[in-house]
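S.K.: One-letter residues, chain by chain:
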Amino acid sequence: MGRYLLKRVLNMIPLLILATLLSFSIMQLAPGGPEKVLLAAEDATLDPSRIEELRERWGLNDPIPVQYVRWLGNVLTGDFGRSYFYRKPVSEVIGSALPATLQLQSIALFLTYLIALPLGIISAVRQYSKLDYAVTGLAFAGQAAPSFWVAILLIWGVAMKSNGLIPTNGIATPGVNFETYGWLSVLADRAKYMILPLTVMVFGSLTSLTRYMRSSMLEVLKEDYIRTARAKGLAEKVVVYKHALRNALLPVISISGGLLSSMVGGAVITETIFSWPGIGRVGFDAVTQRDYNVSMAIMLMSGVLTLIGFLLVDIAYVWVDPRIKYD
Amino acid sequence: MVLAACGPKESAPPASPGTEQQGGTQTQTPSTSPSDTPSSGPKVGGELNLRLNQDPDNLNPILSSSAYGSAIYGLVYSSLFDFDVDWSPKGDLAESWDTLDDGLTFRVKLREGVLFHNGEELTSEDVVFTMKAIKHPDYTGPRAASLASVEDIVAVDRYTVDFKLSEPFAPIFTNINYGILQAKLFEGTEIGDLENHPVTWEPIGTGPYKFKEYVRGQYALLERNPDWFRSEEEGGAPFIQTIRMKVIPDDQTALAALENGELDVETPTPAEVKRLLTEYEGRLMPVQYERNGWGYIMINTTKEPLTDVRIRQALTYALDREAIVQGALDGEAVVPPGPLPPVSWAYKPDLQTIGYDPAKAEQLLQEAGFTKGADGIYQKDGQPLKLTLYASSGSSLIEALTTMARQMWQDVGIDVTVQLMDFNAMNENHLQPGNFDMAFQAFNLGLDPDSLYALFHGSLAKPNAAGLVTSFNRMRYDNPEVNALLEEGRRESDPDKRKEIYGEAQQIIVNDAPVILMYSNLYTDFHTPRVKGIVNFPGAGATLDYLYQWWIDE
Chain A
1 MGRYLLKRVL
11 NMIPLLILAT
21 LLSFSIMQLA
31 PGGPEKVLLA
41 AEDATLDPSR
51 IEELRERWGL
61 NDPIPVQYVR
71 WLGNVLTGDF
81 GRSYFYRKPV
91 SEVIGSALPA
101 TLQLQSIALF
111 LTYLIALPLG
121 IISAVRQYSK
131 LDYAVTGLAF
141 AGQAAPSFWV
151 AILLIWGVAM
161 KSNGLIPTNG
171 IATPGVNFET
181 YGWLSVLADR
191 AKYMILPLTV
201 MVFGSLTSLT
211 RYMRSSMLEV
221 LKEDYIRTAR
231 AKGLAEKVVV
241 YKHALRNALL
251 PVISISGGLL
261 SSMVGGAVIT
271 ETIFSWPGIG
281 RVGFDAVTQR
291 DYNVSMAIML
301 MSGVLTLIGF
311 LLVDIAYVWV
321 DPRIKYD
Chain B
328 MVLAACGPKE
338 SAPPASPGTE
348 QQGGTQTQTP
358 STSPSDTPSS
368 GPKVGGELNL
378 RLNQDPDNLN
388 PILSSSAYGS
398 AIYGLVYSSL
408 FDFDVDWSPK
418 GDLAESWDTL
428 DDGLTFRVKL
438 REGVLFHNGE
448 ELTSEDVVFT
458 MKAIKHPDYT
468 GPRAASLASV
478 EDIVAVDRYT
488 VDFKLSEPFA
498 PIFTNINYGI
508 LQAKLFEGTE
518 IGDLENHPVT
528 WEPIGTGPYK
538 FKEYVRGQYA
548 LLERNPDWFR
558 SEEEGGAPFI
568 QTIRMKVIPD
578 DQTALAALEN
588 GELDVETPTP
598 AEVKRLLTEY
608 EGRLMPVQYE
618 RNGWGYIMIN
628 TTKEPLTDVR
638 IRQALTYALD
648 REAIVQGALD
658 GEAVVPPGPL
668 PPVSWAYKPD
678 LQTIGYDPAK
688 AEQLLQEAGF
698 TKGADGIYQK
708 DGQPLKLTLY
718 ASSGSSLIEA
728 LTTMARQMWQ
738 DVGIDVTVQL
748 MDFNAMNENH
758 LQPGNFDMAF
768 QAFNLGLDPD
778 SLYALFHGSL
788 AKPNAAGLVT
798 SFNRMRYDNP
808 EVNALLEEGR
818 RESDPDKRKE
828 IYGEAQQIIV
838 NDAPVILMYS
848 NLYTDFHTPR
858 VKGIVNFPGA
868 GATLDYLYQW
878 WIDE
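If you read the sequences in order, they're chains A and B. Each residue of the first sequence is one higher than the one before, counting from 1 in the numbering used here. Each residue of the second sequence is one higher than the one before, counting from 328 in the numbering used here.
Since the hints were made in silico from the structure, they are not lab data. Only a predicted model underlies this, so the values are computations on that prediction, with no experimental measurement involved. Backbone N, C-alpha and C fix where the C-beta goes; we use that ideal spot for every residue, glycine too.
According to the in silico footprint, chain A covers these stretches of chain B (three or more CB under 8 Å from chain A):
hint, segment
1, 462 to 475
2, 534 to 545
3, 564 to 577
4, 584 to 592
Excised from the complex, chain A in its bound form (with noise of 0.2 Å):
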């Protein structure tokens, strides 16, 4: 198992230079650089040899392999390098984002998981039940409705009717600490601005994970073995969650790799309908604002993540299969 783990450690690295070289050369040959949105904000006939002084001054004028080693260099040294529109240490830049995202997209998930697991498993059950038919439709829905249109909707139907009980936008209410409030009405007061989001993004992603559990535990109930343990006089409790349950898990597992990475990845149109201050809008004003160091910091982050995320699944398996044995 060590020696697995550590050749697949390995293997990352190559994979990630090579995922971090595509996603440099594709910012970098998008049309107009960070000078030309800096500039153009005052020089509307933009001045080409301020252009010029400006690519010179950031090294934009050197071939793209240059560039891209030395950006991997001072990376190696832990330097993500400076925002060219926030004029500051990218750390910082994202440093600010991030812990409002983790905080969004890890109650998500954790509701998404505890809210579609056990739907998908209980319609997989009573397949053809009114409930399966119910969890069905309200999928479907879910995968459906856009997120920004369901986000709108709840603004205006939910927290404008609300009499300011619950806000249309934002993460918290200025002013509202541990210092001077204590920590249950600081914590309902962050509850109140994350009802609406996390309903967005539970809504939306309950579907595919419903889905895969209901037709994954389908399959195995098909699977000679249930017979085998239904026949032994098995209560039906302990063949489904018991027998069954462990072997419908290996596909969800599967599909549960990318998540870490979409985690820090954020939801930019969630983030941007509720003012979510997250990593999601930081890292698409980066891109259409042409901050190469800050769009490749995130696509770093969520490059190891992904990879991260895929390894933790591979561990998992063991886990969860004991067929399963890495040498």
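Starting from the known structure of chain A, fit chain B onto it as the hints suggest.
M.R.: Leaving out everything else, chain B in the frame of chain A:
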């Protein structure tokens, strides 16, 4: 106060209140919105909730390039000048100003006793430091271009600053109008390292509001400066105690927040205006204003047969622009009489305009040697009058406008094909190489009539080595008379004489018809009724530049 990025800009229509706009001022007789009938007069207090569409890039008036940075630092810093409601410059930090040495020295006398928020006095050294920082070779901000014609900045005495110019430049007011930094705070800081100075995120200025706090992604908080240097002459202004600017990136969310009372001022998308006017009558107050700029059709003046001024005039006479404004813009716009809007001090009131006159259009075509063919299309030497109009795709406004225009041209006998395409592709493949007959675009003007220079001066019409015209004069319009007038307008410092010069230029440009000015949008800002004293600044609506006059009536 506030920056003066009044240079011409090309942009898609609407922007948000007090963000796109620059310039603002004290007024003798402020034109407040009709809803304001002060019952008790301005009073100090209250909190105002404003929207920031995005996080600011930074809060340094000479480094920031974002409208959302300027919304904040514009209230914290003062600059040399303000702009009155007729767009003429007024003193902010400047007490008086004068042009010396045949226009090569612009001398500004500063007010005495102006204090920074940290209690230090503002002097000529601060002005010199700020301007020299912009001109420094290591400076990385976006403002260097506007100071290009300023050769040196000299402190004559504690309260006098001279701007040495390379050539006379009357519109200098907007070019040197940046928030003045406190030189002392930057002692020992390299100009190239300015962005790392704490003041870049914690601004200290001389403006009506003090900076309190900024929380990324959430809000910025400003507090009334009771010691503001203009407080006395402005009747105790500013009045509102705290300004909270909330970061709300989504337009729909912002609209919900406005209707929910979480925002006090917002510019909704044009499609929402009519609904808000009726549904929220008496609960949300409209501030309506004309855009200082226009959607226009440019005509390539170097391409046959458009080199003939009569054809260009005929194209203009053939269009019923009032009907187009009604049809394509739902009446939410006006037809601009000439290149400068009537609100500008430089507008020529007796301008002879080209109106809708299809008979006149046909007459001009005939004078130019065209005869009507059997298919109803004019032709000359067997060549029918066929033209192509390029415009950006993806806008229902542009589709409606070009469709209507095409039909009107067809009616007088001009066959126009409309080609809709991506904006950048249109620019690069057709407009810059001069490979077009006509094209539709939009242009925003600055407060000074010198804005016309960027569009209509012949020196900008010459293609570069690659055969491209990258300036805004893609009509390739070059009239020596207009060139001379636009140059004279830059040299002349007497406003009355400038008005005459630009009046003449406006008339020639209208007669030469290198552009057909289609519409200036009508925009509407909305504010909650508790906010009083809002000034409707022409071209900018409820601009924050006048926020010091606002007050809250709870």
